[in-house]
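A.B. asks: Those protein sequence lines, which keep their order, are chains A and B.
As numbered in the numbering used here, the first sequence has no gaps in its residue numbers, which increase by one up to the final residue, 384.
As numbered in the numbering used here, the second sequence has no gaps in its residue numbers, which increase by one up to the final residue, 981.
It is possible that part of the hints are untrue.
[Unchecked claim] Okay, derived cross-link-like pairs now, SDA-like style, lysine to any residue, Cα gap no bigger than 25 Å in a straight line: (1) A:Lys-149 - A:Asp-129; (2) B:Lys-867 - A:Leu-100; (3) B:Lys-897 - A:Phe-353.
Keep in mind the hints are simulated off the structure, nothing from the lab.
Remember, predicted model here, so these are calculated numbers, not experimental data.
Each chain, letter by letter, is given below.
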Amino acid sequence: MSAFIELRGITKRYGDAVAVDGVDLDLVKGEVFSLLGPSGCGKTTLLRILAGFIMPDAGTVRVDGVDLTRVPANQRPINTVFQNYALFPHLSVRQNIAFGRKIAGVPAAQIRREVDRMLDLIQMAGHADKRPHQISGGQKQRVAIARALINEPRLLLLDEPLAALDLKLRQHMLLELERIHRDVGTTFLYVTHDQGEAMGLSDRLAVMNGGRVEQIGAPAEVYEAPATRFVADFIGDTNILDGHAGSRPRPDYLSVELGSLGRVLAWCDRPVAAGKTLHLCLRPEKIRLERPNGGVDDDWNRVGGTITEYNYFGSHTRFVVRAGALDLSVVQPHRRCFLDEKPFAPGDPVMLSWHPDDGYVIPGNHGVPAEAVLQ
Amino acid sequence: MKAGGGDGLLKRRGLEILLTAPSLIWMGLFFALPTFLVFLIAFRPADPWGGVGDGFTLESWARLGNPAYPLIFWRTLWLSAATTVICLVLAVPVAYWLARLDRGLRRWMLILVILPFWTNFLIRIFAWKTLLHPEGYVKELLLFFGFSDAQAQLLYNPWAVLIVLVYSYLPFAILPLYAAAEKFDFSLVEAAWDLGAGRLRAFWSVFVPGISKGLLTAFLIVFVPALGSYAIPDIIGGTSSEMIGNRIAQRVFTDRNLPHASALSALLALAVLLPMVAYLVQLGREQRRLRKEGGAE
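Sequences and hints are given; from them, build the entire structure.
C.D. replies: So this is what it looks like as structure tokens:
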């Protein structure tokens, strides 16, 4: 089965700089797919190639089997929600939404009906005659989405659509986007540098770095099993510990030499040559923090340390623990009232422990996918 | 506290007046007062020595009934209108192109736009006279390609005046339009493409409305001076292509009849001022309406 949206070997250079470097991507019909990465990683260039604003130097873009690589933007069944909304300031909300349909030559009465339906979808029926400068940022955002969706595109591109909104509104609009997607079922390609947005909204996402895709997967996959050190570092807060591969005491588990922290056990179902350089990726919330004399399950990894800093965040507290020659970030949720416990304080000796399954091994060579190195 | 606030406001107000005073005085002395004087003199009698007599009379206004005037007024109007339209049509794409150019190249192109100003205005007009002359390059070129016959006259007709008017005023149209285009958000053009508009459609339905303020400025900056053209029709046009400016000059320098010249000037000024006042009133009304509606912002 061929993918609904299919990118093959997309490459775009600006002078000597490679913005997008041989990207392959397949989108499933109806999914929300995110391109996630830091600024300059090529995600926006890729979006603009899909929209048709720029032509790739190499590679093909197919939508539903049709090659669109050289088709100009105005003839693609793809619409875009721009980062700054790009609403036409001289037109009313209604005229903005109707723009694409008017160009398509749809009869006025039908346009009116379709716009009304869109206004209902974005819950802005009462604002149809306002100009863009008379509505709020969140409302502009919704108008921009309606203006794109009314054309019933095969693919909706969203270019950092929430970047200009404040936190509260961003969270609200994220739910709104989810609802709209549920209602229309259009395939969404969502470009963002905000991992929270990407994880919360997407069915799948691609993490990009330096013009390449580092990993494609469901949010949980990318979070729990990062393919590269970059992905582990970019998605969420992580302790990345440098080490060497040791023996295999059990199938699917690898003993990892962590230098000053000693030897720990980590889950690893791929073959790794002993002595290989690797990184152990350990999420702060997976580490348990206890007094040194606390009882720990036998098969858990154990490391002693001293608290150097902590920050209380309400839902959790983040500690920095000095263990061996390393500073580890540890996050503890508050299971019962924090105030009942004798709080940990800087200087307290502690015992860190985590289950071997929670330590994820990634290869030592930065930027190369796990499969390529570990064999 | 309150007194301090009031004091601050007073100070700010004083500063405002101080800062705007020079331009106000300048505009008053060199624009408002002369305009008022022109209107005033138009109601005075002419004296036999070329000066202005005592008392008030409508004689000069009655003389505007001169049967030659309607034709000259009409010619002035259509030449100015045509100049404006042609300048805008040429300048809008140039402004678009300039605004999209990369910065280094754009600076050079802007210098090219204002380069003609380095040569004296009159010299440039005489240069056109040489070009359009029966033995000039333009004529020879047209003859060579068979677009003209030996008898055809390129100079001394309204078309020659129109060409030179457009030539002279084009930079004045390009500059304000470029200023507007530079501030224009070109992602709007992309949005229009994205929604299915071709390049021309996107240009028309998004870019042109987007620079409407620049269009208005360019219109005023070309149309108003074009109405008052004097040197160009005088040198290029000859008697068959006179504009009002030529008649005003003639009344001042040949007939030595200042009140008559003033009446002609006043009429021209009214032709410009009345539409502008109407526009400003309309704009004010529009803004009040928007402000009333825009309760959300």
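A.B. asks: Now tell me, hint by hint, if it's right for this structure.
C.D. replies: Verification of the supplied hints:
{"no.": "1", "hint": "A:Lys-149 - A:Asp-129", "in the structure": "holds (15 Å)"}
{"no.": "2", "hint": "B:Lys-867 - A:Leu-100", "in the structure": "holds (18 Å)"}
{"no.": "3", "hint": "B:Lys-897 - A:Phe-353", "in the structure": "violated (65 Å)"}
Going through the hint list in order, the structure does not satisfy hint 3, though it satisfies all others.
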